[in-house]
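Participant: Spelled out from the first residue to the last, the chains are:
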Amino acid sequence: MSRSTLAAAPLSLAMLGLGLGLWEMAAGGAAPGGTAVDPEYARLVGQAAAQGGQAPFPRPSEIGARLWELLADPFYLRGPNDQGIGIQIAYSLLRVGAGFLLAALVAIPLGFLVGTSPLLHGALNPFVQVLRPVSPLAWMPLALYTIRDSAVSSVFVIFVCSLWPMLLNTAFGVASVRREWLNVARTLEAGRARTALRVILPAAAPTILTGMRISIGIAWLVIVAAEMLVGGTGIGYWVWNQWNNLSLADIVIAILLIGVVGLLLDRMLGAVAHAVSWQE
Amino acid sequence: MTRAYVSVEGVSRTFPGHAVFRDLWFGVERGEFVCLVGHSGCGKTTVLNILAGLDKPDSGGVIVDGREITGPSLDRAVIFQGHALMPWMTAEANVAFALSCRHPTWPRAKLREAARAALEKVGLAEAAERKPSQLSGGMKQRVGIARALALDPKILLMDEPFSALDALTRGALQDEVARLVAEARQTAFMITHDVDEAILLADRILLMTNGPDARCAEVVVNTLPKPRHRATLHRMPGYHRLRDHILEFLLTRSRTLAGTPPSGWDPREVPVVRPADVAIGAAETVTPQRALAAE
Chain A
1 MSRSTLAAAP
11 LSLAMLGLGL
21 GLWEMAAGGA
31 APGGTAVDPE
41 YARLVGQAAA
51 QGGQAPFPRP
61 SEIGARLWEL
71 LADPFYLRGP
81 NDQGIGIQIA
91 YSLLRVGAGF
101 LLAALVAIPL
111 GFLVGTSPLL
121 HGALNPFVQV
131 LRPVSPLAWM
141 PLALYTIRDS
151 AVSSVFVIFV
161 CSLWPMLLNT
171 AFGVASVRRE
181 WLNVARTLEA
191 GRARTALRVI
201 LPAAAPTILT
211 GMRISIGIAW
221 LVIVAAEMLV
231 GGTGIGYWVW
241 NQWNNLSLAD
251 IVIAILLIGV
261 VGLLLDRMLG
271 AVAHAVSWQE
Chain B
1 MTRAYVSVEG
11 VSRTFPGHAV
21 FRDLWFGVER
31 GEFVCLVGHS
41 GCGKTTVLNI
51 LAGLDKPDSG
61 GVIVDGREIT
71 GPSLDRAVIF
81 QGHALMPWMT
91 AEANVAFALS
101 CRHPTWPRAK
111 LREAARAALE
121 KVGLAEAAER
131 KPSQLSGGMK
141 QRVGIARALA
151 LDPKILLMDE
161 PFSALDALTR
171 GALQDEVARL
181 VAEARQTAFM
191 ITHDVDEAIL
201 LADRILLMTN
211 GPDARCAEVV
221 VNTLPKPRHR
231 ATLHRMPGYH
241 RLRDHILEFL
251 LTRSRTLAGT
261 PPSGWDPREV
271 PVVRPADVAI
281 GAAETVTPQR
291 ALAAE
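Going down the list, the protein sequences come from chains A and B.
UniProt numbering numbers the first residue of the first sequence as 1 and each following residue consecutively.
UniProt numbering numbers the first residue of the second sequence as 1 and each following residue consecutively.
Bound conformation, chain B alone (with noise of 0.2 angstroms):
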């Protein structure tokens, strides 16, 4: 069995009184953007604890690049659904204290220079000596980007990360992180309940149903060709049919499919669907995970 990139292998996390989910399988391959969609309380942010090593799975474990992860780890870059910045530094210093963690050996001056470089490229170059208290929220949010993918992680896990901003910044945000992930071929993994930030980002969706004892009811993979923008997105052929899949999962099929999976289901082969796929003319075909996974 060929395995992903980063794969989540029988993962479950249970609290005092309630298991969150159970049993859950995923892989997300080398340069794939994985969204994960669901309700709050179905343990989205559990799983990308989880994956963060942040957080310890009751059973299963995740396999990153052939390791098994035991902790966090600078391979795996978090941006956090609050900025998370230090109010204390600067921009830059915020991003030169991840680099500094990341390059132990690296004199102050290069750290700074590389600072302003990841700076720059989220657009931030004139921010740079100012602090989180003097920035708008896209901007630190920018920043939390920039601090991220400065550490040339394996792979990027985002928290909902622009549930916070007002929809202006949150578009301007989502183009920005599609054009950065595509242009550094960033392995990604996202939290969101925002469709349309999915279906722009994303190359395969995970829906999840609603806790407790929450699993991933189907694969939803994006046949929408890249690049993709905010502003033409709903022009693409095959793009509603897309979007109505997904949303009347998480209005209906969230809640019918939630509790006890029906005989027969096999949490590693969960059924794969390509709702936009009009150009074959195959919309619905569900094919297991794994061969998707060997294609």
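So here's chain A without its partners, still in its complex pose (with noise of 0.2 angstroms):
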């Protein structure tokens, strides 16, 4: 760690401090004073709702408290749909990396051959162009027409979404290999596997794991919208059946979790990065 990292760190800790202070104090005189109403019907709908008032905004304090619950137990299961918020995540986690990788599958050697053949990247660049800006959301409805299954549907969309920044990036990667190291591999007469595996594949593997990095990032941004359009499992869906159960408290701590995985996706893939990196 740098020297301006560790002396970062003891800022970050007071900025949190602040702002956690302050938002604790700010959220925690409200308190519904309301009107009273039929006991019976307060116990259906909750207290909160009966009274037509606002449930008051979970301060910090509540939500470590929370956490601290969630977090005790994080792989319970209690039927469909009260799940430990551990499953929920490695639900999501399951359909990322299965995405995720069907996409580097199809995505890297495809991108393989267009970064060596100018005439096949000209013939798929307008299609690429065009599907790229796609959210991928919208091929949702499509996904669950034909395959009629929402999981397998929700796996479609992260592999759409990962599919277009690898295949770009390896492309570019493959196009940009220096000449000089193809003509060693000509000289060599290395032949095409080990010309694409000993010499393009390396030189361009810092590129293609830059469009790793990308895809991963954008699969974890898509797979929380993705549960909460199909439902069922998954820490998009666990976001929105706490909005209806109008638990704040939890919604935070979904973003503070996805915000973690999110991280940690991104450090994995920074590490592999980082192995197969060169310098000249």
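None of these hints come from the bench; they were simulated from the model.
The beta carbon of each residue, even a glycine, is placed where N, CA and C say it ideally should be.
Don't take each hint at face value.
Here are the simulated distance ranges between beta carbons [claimed, not checked]:
| # | chain 1 | residue 1 | chain 2 | residue 2 | range |
| --- | --- | --- | --- | --- | --- |
| 1 | A | 276 | B | 223 | 48 to 56 angstroms |
| 2 | B | 3 | A | 180 | 30 to 38 angstroms |
| 3 | B | 134 | A | 221 | 33 to 41 angstroms |
| 4 | A | 8 | B | 113 | 44 to 52 angstroms |
| 5 | B | 134 | A | 268 | 21 to 29 angstroms |
| 6 | B | 61 | A | 193 | 23 to 31 angstroms |
| 7 | B | 113 | A | 180 | 26 to 34 angstroms |
| 8 | B | 133 | A | 193 | 51 to 59 angstroms |
| 9 | A | 180 | B | 61 | 21 to 29 angstroms |
| 10 | A | 277 | B | 120 | 28 to 36 angstroms |
| 11 | B | 113 | A | 9 | 44 to 52 angstroms |
| 12 | B | 106 | A | 105 | 27 to 35 angstroms |
| 13 | B | 113 | A | 221 | 48 to 56 angstroms |
When the alpha-carbon atoms are kept at most 20 angstroms apart in a straight line, the in silico SDA-like pairs for lysine to any residue are as follows [unchecked claim]:
| # | chain 1 | residue 1 | chain 2 | residue 2 |
| --- | --- | --- | --- | --- |
| 14 | B | 131 | A | 202 |
| 15 | B | 154 | B | 71 |
| 16 | B | 131 | A | 4 |
| 17 | B | 154 | B | 114 |
Make the complex out of the two chains shown on their own, each in a separate frame, by following the hints.
Facilitator: Listed below in structure tokens is the structure:
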């Protein structure tokens, strides 16, 4: 860790403390007075809803307590609508992992071909340019109609959104491999397979990894929305479910956990990128 | 007609708009070191790329050891102007990669061992585990030399291999290449615009006129005795006459001879001169190239 990060750490903590402190004070006092209602009605719909007032925004201390509660038993199973937060995140990770890996299996070989053949690049480019800006969620109805399985459909949506950055970066990385190195491979009569694996792939690896990092970032953004749409399981579904339950503390916790998991995913690929990076 | 070990026969190369060179004929005998000297733009690198098989001539062909070349080959190893090492491989892995192409059946241990031996020959045994980014310019080029020599090629092709290095390093590497090539009796062809480099290394020096439409105007035979060393080269009898002759060509005649060749010009019978031949007292004798090849 560098000296400046070391110096920044206490400052970060101070900012966090200050922010949480202000939040705690601001959210504290607003307990709704409200008129008395029929206690049976109140029991049915919840005290806050029965009184017509808004539930108070949760204070950091409440959120902390709830976080502790959730993390103490993250993998419980109490029926389809009540599963631990760890299980929900695992579902989401599984879908992202499956969609992302499938996309990598398609995008990297295809990007290789596109990068080595200007003809193929020219032919495929219009399609890529039109499809790339489409929100992956727009594919969802088509996926639901053809696949007829909501879980697989969300994997497909992840697949679609992960595809483009990996495809474009692989093609770019492969196309910009230095002429010199290809000439060395040619004078060594290295052959197509050996040139691809020993020269082009390592030369393009840092660019390919950049594409993969962009892809996994987008996939993790998209999975939350996709799961909100299809429901059932996953962290996105859980967020929407807690919104319906009006438990704002859980939503804040979900935001925090989504952020932490996304960071870890990026760091994982960052470590791989570091391993394959090279310096001239 | 006896054919040289490596024989360039009537090679022309045209780029859109202009001919780089036309109807180029020359040969390199087995074990001979030939330098091609000329100004930039005369197509020197193109000649080398055609010899390497990286570029194709528009007409004519190159015969190596009795066979016309059709593309790049392990028999013609290239030392590139930039070192062209793979930066993600260690020095040893760079050499081992080349060796694995030459000997696909060799096990990894044997490749390693051979790569080490090749690096040792250029004095880089300690740097075997280092990546190119951790090596100096001279060391990188040494790895490039080790990689090419490890292939045991029929001919070693060098494209201004030392032009990117500082003067001291360049001198050390020139001596090193002279030694390595002599030890291995390696046939070699080198592009350069450094006159002293050509005199130090070459048995024959081909002088190219300026482009476009460049041609090989003269063949200079280097009669200075071997081994030659950078430090003592300038004290050898005949060195200055040889050097002046080439310099004078580069400074004026490469320009005045450029363009349309004189009438009766035969590209297969390029004038041969021996400016350093003071012993015989027959400097500036002109003998046809083919007569020399038959000697």
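Participant: Could you run down the list of hints and mark each one as holding or not?
Facilitator: Hints, one by one, checked against the model:
no., hint, verdict
1, A/276 / B/223: 48 to 56 angstroms, "holds, 54 angstroms"
2, B/3 / A/180: 30 to 38 angstroms, "holds, 32 angstroms"
3, B/134 / A/221: 33 to 41 angstroms, "holds, 39 angstroms"
4, A/8 / B/113: 44 to 52 angstroms, "holds, 50 angstroms"
5, B/134 / A/268: 21 to 29 angstroms, "holds, 28 angstroms"
6, B/61 / A/193: 23 to 31 angstroms, "holds, 30 angstroms"
7, B/113 / A/180: 26 to 34 angstroms, "holds, 28 angstroms"
8, B/133 / A/193: 51 to 59 angstroms, "violated, 27 angstroms"
9, A/180 / B/61: 21 to 29 angstroms, "holds, 26 angstroms"
10, A/277 / B/120: 28 to 36 angstroms, "holds, 30 angstroms"
11, B/113 / A/9: 44 to 52 angstroms, "holds, 50 angstroms"
12, B/106 / A/105: 27 to 35 angstroms, "holds, 33 angstroms"
13, B/113 / A/221: 48 to 56 angstroms, "holds, 51 angstroms"
14, B/131 / A/202, "holds, 14 angstroms"
15, B/154 / B/71, "holds, 15 angstroms"
16, B/131 / A/4, "violated, 30 angstroms"
17, B/154 / B/114, "holds, 19 angstroms"
The structure is inconsistent with the numbered hints 8, 16, although it conforms to all the rest.
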